[in-house]
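Relying on the hints, combine the two individually framed chains into one complex.
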Amino acid sequence: MSRLPIKKTYKLYIGGAFPRSESGRTYEAQGQNVAQGSRKDARDAVVAARAAQPKWAGATAYNRGQVLYRVAEMMEARVDELAELATGRDEVEKAIDRVVWYAGFADKLAQTLGSSNPVSGPYFNFTVPEPTGVVAIVAPEEPPLLGLVSRIAPAIVSGNTVVAIASEQQPLAAIELAEVLATSDVPGGVVNILTGFRAEIAPWLASHMDVNAIDVTGADGLRTELEVAAADNVKRVVAGAVDGQSLYEISAFLELKTVWHPIGV
Amino acid sequence: MSDVEKRSAPVPADWTYAPAPESRDVVTIRESYDLFIGGEWVAPRSGERFATTSPATEEHLAEIAQAGPDDVADAVAAARQAFGPWAALPGSERAKYLFRIARILQERAREFAVLESIDGGKPIKESRDVDIPLAAAHFFYYAGWADKLEYAFPNRTPRPLGVAGQIIPWNFPMLMLAWKIAPALATGNTVVLKPAETTSLTALLFCDVLRQAELPPGVVNIVTGDGRTGAAIVDAEVNKIAFTGSTEVGKAIQRRLAGTGKRLTLELGGKAANIIFDDAALDQAVEGIVNGIYFNQGHVCCAGSRLFVQESIYEATIDKLKRRMATLRVGDPLDKNTDVGAINSRMQLEKIAELVQSGRDEGAEIYQPPCVLPEKGYWFAPTVFTNVAQSYRIAQEEIFGPVLSVLTFRTPDEAVEKANNTPYGLSAGVWTEKGSRILWMAERLRAGIVWANTYNRFDPASPFGGYKESGFGREGGLHGLQAYVDLSA
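Protein chains in written order, with our numbering: chain A, 2 to 266; chain S, 60 to 548.
Pulled out of the complex, with its shape left as it was, chain S reads as follows (with noise of 0.2 Å):
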């Protein structure tokens, strides 16, 4: 070919992109679902099944199991059997199933990923280069601690706790499995996992893992149901719970528990100050902003939802986002293109259009760019609200969705007094050139995480938790180990 033909290519009629489908062969989804109790497929004795609907089309995707009271109970007794051979396993045995299963998952991961953006709505790229990849780095981060727990709390033995009740969220289905199955098994508990009703598919493809593994029996159930499935876990004879959710279903648990005994952390919600600072790298800041609201719909705990712009830099700030937002590609999860999917669920859509309603009618501005939304689905458009007091429901409520609001401030101080005034304290970001300013605001925040420079940042050695209603007990790293031992020897 002559350098005169390579030059006279036919140009492309626009810059769109087109669609880049990821596969879907990569993954087989069952007719209907049992429970995983004791190794086994169990059907649900109360005979109850439920549609799980992949949120993007609302195709019909599989019928899954309602455990009742009675299957939770069978489920705590497997649990209950199995505890005692499991934590007398030493803990360089227990640790090799956990090397295991996160080997096992790194090799399936384009498996889970598929299915995880199937079922839950999340863009290919989400589930695939952070949901999946952090699950197993989980798994891979606690077996290493299986066996140096004494390492990890000195002049004490950490002991198990016993069965572990554990109910999670939909937004990061994988993810929150691992965070509460890895620290679990590593320091000898045994484990009843109820995934959330709308994202059930991946727990259970893990069963499949499981079994690879060839983890003994009854060291991890799953039960499939609603809410009335974790309230029967709470109730049950486990010697702990741990609940990512709603703060409003962890203080119900929290009171549930009153008394009891069981051992208790929570990971409940936030509203995260973003705060930008007038000497942030701007450009890089937008980028900050809006992977902090708009990663994975906006479905995050610590979701950057409150944005604190220094006045001085307000109008170039907004400017930015406004056309960053505009190239976001809103659409098919499974399209590798896509930066924002689909909302989890009808309910979860109405509860974001009712609060965005709120913030219309108590008189801030909203702004969405122009992107045209699938027919069928769940769907939200990229949104900003700018002129919003303190007061509004949009700054003092967790939407759990794509919707930004903006505040602004003059001096450091007054930017930690409103980002602390509200009563979660999951997380924070702060950007700014300057490392001590970084510390000086890292100081005076009361969230469980700080962010400089970046934000949404997850890794498996470093510690997750809220203070105040976000909850208590961390996730992660030496510290997430707690959650699970008995220290009292």
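Just chain A, same shape as in the assembly (with noise of 0.2 Å):
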């Protein structure tokens, strides 16, 4: 008699855990049931990754920069499930090493964005970069998880915390990822990742007043609405790269502060 097989409930990742869309509703993709989430979802994440985000951009950067490097081992353990949610063994590799490469940034982004400023008086002035907070992105639709890597990596990897839309059409290799920061040392709500519409489910990121920046990279068709939505608080508006890796990825998702130190005795 042949074993049956237990089969896998697709649901959300909020706040390191995995619940199913509080609205009850599941859609089809990739011949799977996946959870289809809903307002409620996104404020729940936004939620999750609020709450994260103090201790997570509190973390030493070398800290975040091996929570990071974890990320990339434990995705290589996984290559083949994701390299058959994905298009293949190919992008799993890329979004590996882009995990890597972001890892190795995490300690070098004061030295490479901040500066000493020479100023007339008896100041020590100075400028650090910080993480602006929480980050809404709507991942690229594909390549489903080299796309989302390469927009959520650039993201976390200063002390941001994010709520992410999935690729609608293929969304299993999110809800893989998932697993694997679930099981990695990524804290619960660093990375939250919603399935379901997009054009449902963006808008309220895009207007939620406790979200502090939004990456419409992948938004195709919605990014004017959605830009319209983020001025309502002034959120910072961010279009990377859906396949690439750079020191301004990084950036876009970054406040610069300036001290003004005194000097004397």
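Everything labelled a hint here was simulated from the structure, so no lab data went into it. Where is the CB? At the ideal position from N, CA and C, for every residue including glycine. Keep in mind that a hint or two might mislead.
As the list claims (entries may be wrong) - Chain S is faced by these chain A residues, among others (derived, beta-carbon under 8 Å):
no.	residue
1	8
2	102
3	121
4	188
To be verified - A few chain S residues that don't get close to chain A, going by computed Cβ distances all over 12 Å:
no.	residue
5	136
6	169
7	285
8	320
9	327
10	375
11	416
12	419
13	490
14	518
15	528
16	531
This is how it looks when you write it as structure tokens:
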């Protein structure tokens, strides 16, 4: 008698847990029933991201780098599963290497993006990069894994936390990635992943008053609507590379703080 | 003269200052001004003009052109035409124009300072010692960047964006003009700039400087007018908008630009916390409080308008503050002894008065030192509110006037939490003798600028700009270049 395999239920990833959509809805994608996230789910994810943000930003840069590297390790262990759900092994390997690349940048941001500024007067004046806070990401529709990783990694490496909407048509790789994150050292709430219809969910994130930035890289057809809503609290609007890595992908999610420190005896 | 005679010299009857007005002779104000487009003075197509007045005397100064959408389109076309050759110039040549501008501004500094004070109402000692020298320094600073951009952006070839539309406020007219134009030109962009409607005169005088510097026509175009002109610039065929002004208008611009692909930087409002710890050098801190909120009549987006005093030194601080406020001289902006000048416009005066009334109504306690305000013009006495709750409008909303709201705290954590409890995030002040505490506070304050044991200090090398609803992008320093370059290659 052949064994009946256990089928997976594909759920959301919020605050380190895997809840179903509170709406109870699912939709079919890649031959599976996938959670169809709602406005309430998006709000829950923002709450989780906000709660996790200070501690993640307060971790040492070295620690954040190691946590990201650990993600790459865990992805490497699941190359086959990820490859099956994404477009293939090539995409997965690129995504892993991308995470490693960003992992190594965690403790170099202040040095490459900060400055000490020669002001006239008895002050040590310096500028340091800081995370902007909670970032909403509309991940590129494809490639489903590499696109998502290319947007999440530069956001979290500096200490931001994210709420990402996965590829609508190919969400399974994103859910697999969520399982990787849940079993790695990334604290719950640092990355939250929603599946569902982006046209339904993204506007709620764009207008959410506790979201600091929105990444519209994958928001084809929705960009104008999202950018209008983003102005409600002067969100930073980011459009970056679907498949690319650079210091400037990171700096798009950063604030710059300048401090005038007195010099005297 | 014998020693006895010297000693018996007459003692002044009282110790008040004699008037010491700066001469207006260095300034020539024309009856009427056109628009500066393509290096020429051009009458507005609409034929529409409006009057600019001195807020200190309400005297009529000049007629200013109201640029309509057609005029803005002309200015953008002139800037577009100038863009190719300007961007193609070697950086070292662009630098020379900027150095020239800096030098001419230094040479004509007094003329600009006097005009700034006449038109805007700010004390001459501020326009003379702060606004104009800093404006010149800003051009000098960015001049040096023009041929060194590759050092600012590792692994990238910074390219100019094209035509930058720039809209500036009335609180620091020349300084804001310099903050906008200098980095834009250094990076090879051309400019259409609109000064604020109540303070156009120094921007128009600056056109003389551009001609004197032989800047190629069209590289900088100045169009005057009210908010309608600003809206026309936002909608025009520009590649970038840089706006400094209210958060409300900033949001409207961000919405308007949604989906257009135009680049945007915003420097918006603030409600900064100025935090005094019990170990601070109190006299120095009181000077900082006064400078933080009464500098430029409080018309400062980064003004220290919320004062947080540690409870243990509350009485002593307020006592010293009130005594210091009583010595502030309010009056003629052109008088060299004046500390607090005129409110920039009647509209602004009404806004301040309305918010101050709300403070009284909500239950805060008001103090204003006795001072005689001139009969003509727009004036508001330095004001401090004590007994303020976090929820009061005067603790939440930007007043943009000489009005301070005092709150208290017990622990550093409480100070951080209260200071950050605002949608704004432009600046903050920290007063303590403890260096480690300065840095601890600086790490936690959600603000783009943190001043420690000083306040309202600016420098071309120091990036300026906000977190949260105070805007995005930086002006000044290396980071100020980024607002005007394309780094995609």
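Cross-check of the supplied hints:
Hint status for residue 8 (chain A) relative to chain S: violated, with the closest Cβ pair at about 42 Å, above 8 Å. For residue 102 (chain A), the suggested interface contact is broken, since its CB lies about 13 Å from the closest CB of chain S, more than 8 Å. The criterion of a C-beta within 8 Å of any C-beta in chain S is met by residue 121 (chain A), whose closest approach is roughly 6 Å, and the hint holds. Contact between residue 188 (chain A) and chain S, as hinted, is not supported at the beta carbon level, the nearest pair being about 20 Å apart and thus beyond 8 Å.
Listed as a non-interface residue, residue 136 (chain S) keeps its Cβ farther than 12 Å from every Cβ of chain A; the least gap is roughly 26 Å. Its beta-carbon lying about 20 Å from the closest one in chain A, residue 169 (chain S) satisfies the requirement of being farther than 12 Å from that chain. Distance check for residue 285 (chain S) against chain A: the nearest CB is about 22 Å away, which clears 12 Å, and the non-interface claim stands. The beta carbon of residue 320 (chain S) is not kept farther than 12 Å from every beta carbon of chain A, the shortest such distance being approximately 9 Å.
With 12 Å as the threshold on Cβ separation, the claim that residue 327 (chain S) sits away from chain A is violated: the shortest Cβ distance comes to roughly 7 Å. The claim that residue 375 (chain S) is not at the interface with chain A holds, since no C-beta of that chain comes within 12 Å of its own (minimum 22 Å). No beta-carbon of chain A is positioned within 12 Å of the beta-carbon of residue 416 (chain S); the least distance is around 28 Å. No Cβ of chain A comes within 12 Å of the Cβ of residue 419 (chain S); the nearest lies about 30 Å off, and the non-interface call holds.
Distance to chain A contradicts residue 490 (chain S) as a non-interface residue, since its nearest Cβ pair spans about 10 Å, not more than 12 Å. A cut-off of 12 Å between C-beta atoms contradicts the statement that residue 518 (chain S) is not in contact with chain A; the least separation is 4 Å. At roughly 5 Å, the least C-beta separation between residue 528 (chain S) and chain A is not larger than 12 Å, which violates its mark as non-interface. Its closest Cβ contact with chain A, about 5 Å, brings residue 531 (chain S) to no more than 12 Å, contrary to its assignment away from the interface.
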